[in-house]
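Residues per chain, in single letters:
2 protein chains.
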Amino acid sequence: MKLAQLETPCLVLDEAKLERNVARMRARLDRLGVALRPHLKTAKSIDVARRVLRRPDDPITVSTLKEAEYFFGHGVRDILYAVGLTPNKFEHVSALRRRGARLSVILDNIDAADALAAHARKAGDRIPVLIEIDCDGHRSGIAPGERALLEVGRALAEGGCELRGVMTHAGNSYNQDCVEGIKAMAIQERDAVVDSARALRDAGLPCPVVSVGSTPTATFAEDLAGVSEVRAGVYMFCDLVMAGIGVCTLDDIAVSVLGTVVGHQREKGWIIVDAGWMAMSRDRGTMKQKTDQGYGIVCDAQGRPWPELIMTDANQEHGILALRPDARGCLPDLPVGALVRILPNHACATGAQHPAYQVVRGAAQEISAVWPRIGGW
Amino acid sequence: MKLAQLETPCLVLDEAKLERNVARMRARLDRLGVALRPHLKTAKSIDVARRVLRRPDDPITVSTLKEAEYFFGHGVRDILYAVGLTPNKFEHVSALRRRGARLSVILDNIDAADALAAHARKAGDRIPVLIEIDCDGHRSGIAPGERALLEVGRALAEGGCELRGVMTHAGNSYNQDCVEGIKAMAIQERDAVVDSARALRDAGLPCPVVSVGSTPTATFAEDLAGVSEVRAGVYMFCDLVMAGIGVCTLDDIAVSVLGTVVGHQREKGWIIVDAGWMAMSRDRGTMKQKTDQGYGIVCDAQGRPWPELIMTDANQEHGILALRPDARGCLPDLPVGALVRILPNHACATGAQHPAYQVVRGAAQEISAVWPRIGGW
Numbered sequence: 019m020k021l022a023q024l025e026t027p028c029l030v031l032d033e034a035k036l037e038r039n040v041a042r043m044r045a046r047l048d049r050l051g052v053a054l055r056p057h058l059k060t061a062k063s064i065d066v067a068r069r070v071l072r073r074p075d076d077p078i079t080v081s082t083l084k085e086a087e088y089f090f091g092h093g094v095r096d097i098l099y100a101v102g103l104t105p106n107k108f109e110h111v112s113a114l115r116r117r118g119a120r121l122s123v124i125l126d127n128i129d130a131a132d133a134l135a136a137h138a139r140k141a142g143d144r145i146p147v148l149i150e151i152d153c154d155g156h157r158s159g160i161a162p163g164e165r166a167l168l169e170v171g172r173a174l175a176e177g178g179c180e181l182r183g184v185m186t187h188a189g190n191s192y193n194q195d196c197v198e199g200i201k202a203m204a205i206q207e208r209d210a211v212v213d214s215a216r217a218l219r220d221a222g223l224p225c226p227v228v229s230v231g232s233t234p235t236a237t238f239a240e241d242l243a244g245v246s247e248v249r250a251g252v253y254m255f256c257d258l259v260m261a262g263i264g265v266c267t268l269d270d271i272a273v274s275v276l277g278t279v280v281g282h283q284r285e286k287g288w289i290i291v292d293a294g295w296m297a298m299s300r301d302r303g304t305m306k307q308k309t310d311q312g313y314g315i316v317c318d319a320q321g322r323p324w325p326e327l328i329m330t331d332a333n334q335e336h337g338i339l340a341l342r343p344d345a346r347g348c349l350p351d352l353p354v355g356a357l358v359r360i361l362p363n364h365a366c367a368t369g370a371q372h373p374a375y376q377v378v379r380g381a382a383q384e385i386s387a388v389w390p391r392i393g394g395w
Numbered sequence: 019m020k021l022a023q024l025e026t027p028c029l030v031l032d033e034a035k036l037e038r039n040v041a042r043m044r045a046r047l048d049r050l051g052v053a054l055r056p057h058l059k060t061a062k063s064i065d066v067a068r069r070v071l072r073r074p075d076d077p078i079t080v081s082t083l084k085e086a087e088y089f090f091g092h093g094v095r096d097i098l099y100a101v102g103l104t105p106n107k108f109e110h111v112s113a114l115r116r117r118g119a120r121l122s123v124i125l126d127n128i129d130a131a132d133a134l135a136a137h138a139r140k141a142g143d144r145i146p147v148l149i150e151i152d153c154d155g156h157r158s159g160i161a162p163g164e165r166a167l168l169e170v171g172r173a174l175a176e177g178g179c180e181l182r183g184v185m186t187h188a189g190n191s192y193n194q195d196c197v198e199g200i201k202a203m204a205i206q207e208r209d210a211v212v213d214s215a216r217a218l219r220d221a222g223l224p225c226p227v228v229s230v231g232s233t234p235t236a237t238f239a240e241d242l243a244g245v246s247e248v249r250a251g252v253y254m255f256c257d258l259v260m261a262g263i264g265v266c267t268l269d270d271i272a273v274s275v276l277g278t279v280v281g282h283q284r285e286k287g288w289i290i291v292d293a294g295w296m297a298m299s300r301d302r303g304t305m306k307q308k309t310d311q312g313y314g315i316v317c318d319a320q321g322r323p324w325p326e327l328i329m330t331d332a333n334q335e336h337g338i339l340a341l342r343p344d345a346r347g348c349l350p351d352l353p354v355g356a357l358v359r360i361l362p363n364h365a366c367a368t369g370a371q372h373p374a375y376q377v378v379r380g381a382a383q384e385i386s387a388v389w390p391r392i393g394g395w
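Protein chains in written order, with the working numbering: chain G, 19 to 395; chain R, 19 to 395.
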């Protein structure tokens, strides 16, 4: 089967680039002497996971209990569910644990800790918990130095849960516009959890796990002393947001959306393709970056980019391709029926729109495999 | 089963509002004396379709061949696939037609017409085709008065396809900021296809179908003389983009995302919920409207909105709820574990993130049914 035989749109994954991205991150973290707990919310595929994990039961991170179910069903056991746990998921967590999953969870406040501890006692399930630390003010978590940390730690440890440690995610690393900014974020991220771990230990509470994670900070961190594990996910595939902040090059981007030219509006310089926002997602993550990539950079069927050709607008099943306003070149000749591959702003969001990966290697047009992926909750 | 027993996030559909929206559009188009060919790209569910269609084999519109397959598999036969057909889908179209689907397609250029006619002759399949007309410059189509119309019409009619007529979609009606603007768009949309139909007929070509469609123009059109059918989809559910341009009220919005409070950042006035952009989609369709609704307006579990409380930012599985900058009221007291329902910017995009509808009626918290929905291509 060749790309040209597929119905479009569909999601293409370049396995050679995936392997290269995976090996690069592994080598980095090995040099830094820290474990990797890859975040599989980007990939949502056991076939990708098998290329990311060294051993089938290596630790992973997930963003939904459906991912936890799925990966556990495929033999992964050590799973961190890295979204603050709500009471309507307590029983599901315990059910997975009774089946043998070494599932751990996170939370960041005393109400959630008390509720989970009450469930743990009732269910007879000493659920392992990491306390979420807020390293950069972008979302959830207890800020380093806040008194709530010890209160939550004690409620968990004394209430019937297993206090495993602390975790944080430097979400603001995505908003940096230079490598120096990301390096500073990596230090801030590390210090936030290392300081919090020290506060717990000083209070006589256990804290074996000190977990950080974001693809930008994992890519540029220089010293992770005191950190026990790194979570990262986007690095496997990379995307235009990552390229825009210097984490990868366009050539590292392993996923693209295959589309077909439907028609033209020649006087406007538009090429219309059958891949719209349903195929790309509505993610416009490069909008606030130095270079706005619209809905994505257009490549030929071999994956070679025309860096001046982007998807400037999208309807549900239509994409409008046009040259950037400042382009110096000409519109490539793409007749009706021509195939293009569009590099996404955000691999997590674009991946979520598709039921499977069509796997290729490099510029080869041959589909070597179709890897299903999951969605929903 | 009650809302409070669900794991969140999930998609809630208020069947009473759906029925009301469906009845209102039917009554409008009956008064205007024009047929309805509902667009099922918003709903992607046979259970919704059954509440929209008067008879099981009423005509429908779809945006993917997967939708065509799915609805045909459930007994719908008269299906318009309303995205310009690419050659890699010709065989799929003919396969569906051989199985008994009365599937028609669209295109807007001579290359596509010649290619489809060649396929039609080879396959012995007189595929019915509508020519797409560009009524407002927003996307695809042949502008009214362009010579290409007759050229394409002849290539189809003489080449082996069945020339069925013309169709257009007033996509720019979504960008109007007042009802008068939408009414003007409805006239422009109608005139574009009625004029094009006349040009085809004057040239001796058949044009039984004259098709228009968008929820805003269908809601405010006052005279559809010469139009044979209206396609619209979002009207079934409504959403904040439609409310922002006066097509519906907040109370008409039939879909919402159910989420649970995970925690707070109290000094910032943030409530964190377990519904992020994966549950809401990345659609920010109200961003350019008079009132930016962020990622959606927050309601209580009964569906009653706090109009000043919106999802101001979203990560993959986290939503940040906060008061609008100009809010006069206070943040409602929403403890950890509290349920909220979030009205979406764009029903098509939010629906696409979910595998099913949890069906309720009005403020009742009881789930009366779970309706699966499809995705992908």
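It is worth saying that the hints were derived from the structure and are not from the lab. Everything numeric in this text was worked out from a predicted model, so none of it was measured. Be aware that one or more of the hints could be misleading.
Because identical chains share one entry, a pair is satisfied inside a single copy or across any pair of copies.
Computed cross-link-like contacts, SDA-like style, restricted to lysine to any residue with a CA-CA straight-line distance of at most 25 Å [as the list claims (entries may be wrong)]:
no.	residue 1	residue 2
1	Lys306	Arg49
2	Lys84	Pro390
3	Lys308	Gly142
4	Lys107	Arg391
5	Lys20	Pro105
6	Lys84	Gln376
7	Lys286	Gln194
8	Lys84	Met19
9	Lys107	Gln23
10	Lys201	Gln376
11	Lys107	Asp351
12	Lys107	Asp213
13	Lys308	Gly199
14	Lys107	Gln376
15	Lys84	Gly393
16	Lys84	Ala166
17	Lys286	Pro146
18	Lys20	His137
19	Lys84	Asp344
Hint check results:
{"no.": "1", "hint": "Lys306 / Arg49", "result": "neither (33 Å within a copy, 47 Å between copies)"}
{"no.": "2", "hint": "Lys84 / Pro390", "result": "both (15 Å within a copy, 17 Å between copies)"}
{"no.": "3", "hint": "Lys308 / Gly142", "result": "neither (53 Å within a copy, 53 Å between copies)"}
{"no.": "4", "hint": "Lys107 / Arg391", "result": "both (23 Å within a copy, 23 Å between copies)"}
{"no.": "5", "hint": "Lys20 / Pro105", "result": "between (48 Å within a copy, 15 Å between copies)"}
{"no.": "6", "hint": "Lys84 / Gln376", "result": "both (23 Å within a copy, 17 Å between copies)"}
{"no.": "7", "hint": "Lys286 / Gln194", "result": "between (35 Å within a copy, 22 Å between copies)"}
{"no.": "8", "hint": "Lys84 / Met19", "result": "between (31 Å within a copy, 20 Å between copies)"}
{"no.": "9", "hint": "Lys107 / Gln23", "result": "between (43 Å within a copy, 10 Å between copies)"}
{"no.": "10", "hint": "Lys201 / Gln376", "result": "neither (35 Å within a copy, 45 Å between copies)"}
{"no.": "11", "hint": "Lys107 / Asp351", "result": "between (53 Å within a copy, 22 Å between copies)"}
{"no.": "12", "hint": "Lys107 / Asp213", "result": "neither (30 Å within a copy, 58 Å between copies)"}
{"no.": "13", "hint": "Lys308 / Gly199", "result": "within (15 Å within a copy, 35 Å between copies)"}
{"no.": "14", "hint": "Lys107 / Gln376", "result": "between (33 Å within a copy, 17 Å between copies)"}
{"no.": "15", "hint": "Lys84 / Gly393", "result": "both (8 Å within a copy, 17 Å between copies)"}
{"no.": "16", "hint": "Lys84 / Ala166", "result": "neither (30 Å within a copy, 51 Å between copies)"}
{"no.": "17", "hint": "Lys286 / Pro146", "result": "neither (58 Å within a copy, 29 Å between copies)"}
{"no.": "18", "hint": "Lys20 / His137", "result": "between (52 Å within a copy, 21 Å between copies)"}
{"no.": "19", "hint": "Lys84 / Asp344", "result": "neither (44 Å within a copy, 38 Å between copies)"}
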